[in-house]
Structure formats: C-alpha cells, structure tokens
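Protein sequences, first through last, are from chains A and B. Each residue of the first sequence is one higher than the one before, counting from 1318 in the working numbering. Each residue of the second sequence is one higher than the one before, counting from 70 in the working numbering.
The set of hints was computed from the structure by calculation and includes no laboratory data. C-beta: ideal position from N, C-alpha, C; glycine also. Accuracy of the hints is not assured; some may be wrong.
Rough simulated footprint, nothing fancy, chain A against chain B, three-plus residues with beta-carbon under 8 Å [said to hold, decoys possible]:
1. 167-177
2. 183-189
Sample of chain B residues facing chain A (criterion: CB under 8 Å; computed from the structure) [as the list claims (entries may be wrong)]:
3. Met143
4. Leu146
5. Ala150
6. Gly204
7. Val205
8. Arg206
9. Ala252
10. Leu332
Straight-line C-alpha distance at most 20 Å; calculated SDA-like pairs for lysine to any residue [what the hints assert, rightly or not]:
11. B:Lys183 x A:Ser1530
12. B:Lys183 x A:Ala1456
13. B:Lys256 x B:Met297
14. B:Lys256 x B:Leu211
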Amino acid sequence: MSRMEEAPLDHAGVQSSRLQNFSYRLSHLSGDDMFEVLSNVFACTAVVIIALTGIVLVRGSIPVLGKFGLGFLTGSGWSTTFGQESYGMLPYVLGTLVTSGIAISIGIPVSLGIAIFLAEMAPTSVRVPLSQLVELLAAVPSVIYGFWGLLVLSPWIAKYVETPLTSGLGSIPIFHGSPHGLDLLMGGLILAIMIIPTVSSISKEVMMAVPTSQREAAYSIGATRWEVVRMGVLSYSRSGIFGAAILGLGRAVGETMAVTMVIGGALGSEAVPTSLFIPGQTLASLIAGQFKEAESLQLSALVGAGLVLFGLALLINVFAQFMVWKVLKVKAGAVE
Amino acid sequence: MTVGLLEQVKPENKSTTLQQMERYKILTENLHAWFGSNHVLKDISIKIRENEATAIIGPSGCGKSTLIRCLNRMHELVPGARSTGRVVLDDSNIYAKGVDPVTVRRRVGMVFQKPNPFPTMSVYDNVAAGLKLNGVRDNTTLDQAVESSLERAFLWDEVKADLDKPGSSLSGGQQQRLCIARALAVKPEVLLMDEPCSALDPVATAKIEELIVSLKESYTVVIVTHNMQQAARVSDFTAFLYLGQLIEYGETTGLFENPGEELTERYLTGKFG
C-alpha cells in the first residue's frame, strides 16, 4: 500500500522517505536486523585483515623494492654487508616450490590411500579410532614434527635413502651432493608428513559423503571393490579431493617451523635448488631464520619475502579455483 | 482300449506341460536373510520363469527389496547383512563356495529405486562403463553396444545428439532409462528392478512400463513394486510377500482376480498395507 503512495513522489521525496525508513529501522532494530548487521561486520573483517596484511607487507618492502626493483624477485644474491647489500628471492621461491612439490607428490597419494582405506575398506570398529588418530596428527605442533625430523627421520633418511641414491645415481644432477640429511628432500618429506592428516581426513569425509547408490550402481554392473572405489567414489568426489589437495599445498607452502629446522638454511646462490641433497631455504624458513638479526634493509628484504610468499599463496588459490572451474565443473558437467 | 489310449496320452501331455513350466531361470531354496539380528526374509522358496516378468509386491518393509538383492548378491554388501539358503541361477548355486559375486552381478543386472547414473560421466560413458570394466577397449564395439543398449532402453532417439553430455543432465525418466541401458550393456540374463518408477512422474512411469514389457522378450525380469496396478500391467507372475514370508505366488491374472489366501485378498483390496 505504502509503495503505491510513494510511487508518484519525485526523486528527493523518495530519498527522504528512504532516510525516514532507515532511521525508523535504526530505532526499531529487530533481532533479524541485528543479526544482519553483525554478520556483515564479521564478513568485512576478513576483507579488512587481508587488505591490512597486504598494505603492511607492501609498505615494509618499499625500501628493498625501490633499491632492487624486479631484481628482488629474479636475483639470487644475499649480502648484508653495509654498502654492498644484495637481496634476491629467486632461490627461496624455487626452494618453496620444490619442497611443496615433494610434499604433495608424496603426501597426496599416501593421504588418498589412507582415506580410501578409512572410508571404503575399514569396518566401523577400525575406522572410528583410526580416523581420530589421523586427525590427532593434525594437532601435533609443527615444532614437534621439526624436532622429530631433525633427531629421528633425518639421520635415517641420510643413511638409508640418500647415501644409496647419491652413490648409485649421483651422476644425475638432482641426486648430486653430500648426504647429510638436512636438505631440500628432508624439508619436502617433513611437509609431506605434515599435510597427510588434513588431506586424508578431508578426503575421507568427502568419500563418505558419496551416496551409497553410486557404489551400488558400480557393483550392479559387475565392478570389483577397487573398480567401485574408482568409478563410484573417486570420480564422484574428485572436486572435493582436489580441494583437499589444494588445502594441503597451501599448508606446505606456508609451513615454517618444521621446515626451518630440517632444511639446512642455505643463503644466496647456494640456496638455489640444483639438487635434492643440498641445504636449501624456503620463503617461510628464510623469514623465520633471519628475522632476529635483521634491521633496516635486511628487515625490508624479509618483509619483501613475506610479500612474495603472500603473492605465491594467492596465486595457488586462484589457480586452484580456476582448475576446479575449468577441469571439473565445465568438462564434467553437473558435479554436485 | 480307450483306457489304454488315455494312459498313453496322459503322461506325454504331463511331461510337455512340465517342460514348459520348468523353464526356470533363477530360483531360491529356503532363503533366509538378516540385517544384524533382524530376520527380514523367512524361508523363501520361489521359482522365477525365464523370459517372463515376475512382480514382487507387498507392504513396505516386507522384505521385497531384500529378496531381489539376494538374487545378485547385493544384499551382503550392507554391513551386518547375511543370508542362508540357495539361490540357483541356471542350475548352479550363486552362493556356493568359490563363486565370484562380480561374475554373478554381470549376469544378473539391477536397476534401482532412484536413478543413479555416474554424474561425472557422459551419457556414452555411463552406458559403456560396464563394458570397459570387462576390458572392452575397441571403439567400434563400444559404439555399437552403446547404441543398441540405448535403443533397447527406448532412449537412443532422445540422446543420440547428446552422447557427450553428462548423464546427470537428463530428466529423471531419461536417467532411469539410461541406468537400464547401462545394465543392459553388459548383456545380463536377468534384470532386477527395485521399484524403478517410484521416483518418476506418470508419463515417465508409463514409458518404463512399456519398456519392461518389451524387455521380457530377451531377459528374465524381476520387478519389485509397491504399485499393484503396475504389477498387474507389466508382470506375468506375481509374488506377494508379507513380513518376510512368501504368502502367495502365481500367475498375475489369477492372483489378482482370485487370490488364494485371505491375506493377499485383504492386501489387494487395500484393507492394509
């Protein structure tokens, strides 16, 4: 009714009535309005935090970016000597990509195996306790993984994996080096172990959400147990599994403490990952290892490393979204 | 003399009728089934004739779905489910030791209550899925099998231009016929249908019923339905199940017009169920 009366009003009239409406609503806030305002505020916080982080990182890295320009991204120098400073992030970007690559190429298959076992093979009496155990692994602080990697896994890997590989296949560049166990391979391995709990428990949930009718469809045309998993379960849940893998990759890229403890902490051109068996450095471990002594331009370089890491994480997410949209949704049609 | 003639003729007659009657494709002997401690099928012995449609009717929870799921060993896939007794398909017990349930399910196909095409696969791949499991890789063989299965399922004309579209993009009735085509592609001998129309509208239902009538020329069809009119329309034989027991089994026309058991009559006239 009121709308009919308002219709012939001129523009100013509409505006004033809107204003009245707004002040009326402000003075008579219902529970629903409160809820709307609150949820809007909380939604904005996420945007504000991202924006603030970006601003702080950009401002902090202005000195180093001003001095080296694009060379900060493509260079591989590391010199803190006053007057001869040189900072390039290329080795650490590559180090991050290599360790994350090792992490997902080992971690994802293992996680999928765990998830398939838990969701499809294990009886309930095994599934429930084992699932909880796997999820518990996600709660172990990363410094503990780092410690365990440093004291237990690293010597073992050096002795039983790296030594045979270097002596047998040392002529291949990526297996070149001295096997002491604190290197890029170790960094990647510790990351692989650390992403397993998250990736496997999410994949398990996604697989368990697949309707029984899909499994029955596969069984009814004579599929074996593995074929049922492949045809009825994995293909149905593949977008969810892909999401879990990206989450794992995100964790691997940003994980700091454990990697810092086992990666060897190389700097400058020595940190360029030419072999799996040389000490390396990731963007995150660089910041964690260097921030204590850093000041002036070196501090700015570390903030710049943070900016690059921020950008890399963003890029991975955008790429993942693109993949989900392009490969899964469009080609396969109606997935979920 | 007349007596002798009669005696000569009688056994001959008897044996031919017996032969006709005994073309059983699949039969159960003292079949019991449980879900955990719940005894859902009690001592079912039923003989299902070849190239006929047999309907299984009865109120909800009477065990009719369980019964047909025992015929292709799908029942045992449910955690806690078990069964005893024999199910004989062409003279051999499918529950005998050493029988691979996978081969049983390739001979005894199944269509479910809700259409369940593989959503990530195209129409073509949905139909070809079973053949690919069997190791068929040759494209011409696959093409032919997909076309003939879709034709048998009365779906070819509707989808022949959209074979690359996802199976889930079809309408509900088309999806169900796609599932029938998927089952037919592996060339089963028996086709089990578990309330195949319960999720469909009347038009789609009519189409499936028409399809069932044409399918029984080449397959033995067993259909579970809660719709008595549907049983009367499509089936040649009807079994009435109540509380896990086989109450009555016989020719559909006879059972519907002149039920032998009081329970059957009360169910058919809608006094319970």
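Quick rundown of the hints versus the structure:
no.	hint	result
1	167-177	holds (count 4)
2	183-189	holds (count 6)
3	Met143	holds (6 Å)
4	Leu146	holds (6 Å)
5	Ala150	violated (13 Å)
6	Gly204	violated (11 Å)
7	Val205	violated (12 Å)
8	Arg206	violated (15 Å)
9	Ala252	holds (7 Å)
10	Leu332	violated (31 Å)
11	B:Lys183 x A:Ser1530	holds (8 Å)
12	B:Lys183 x A:Ala1456	violated (41 Å)
13	B:Lys256 x B:Met297	violated (29 Å)
14	B:Lys256 x B:Leu211	holds (13 Å)
In this structure, the earlier hints numbered 5, 6, 7, 8, 10, 12 and 13 are contradicted, and the remaining ones agree with it.
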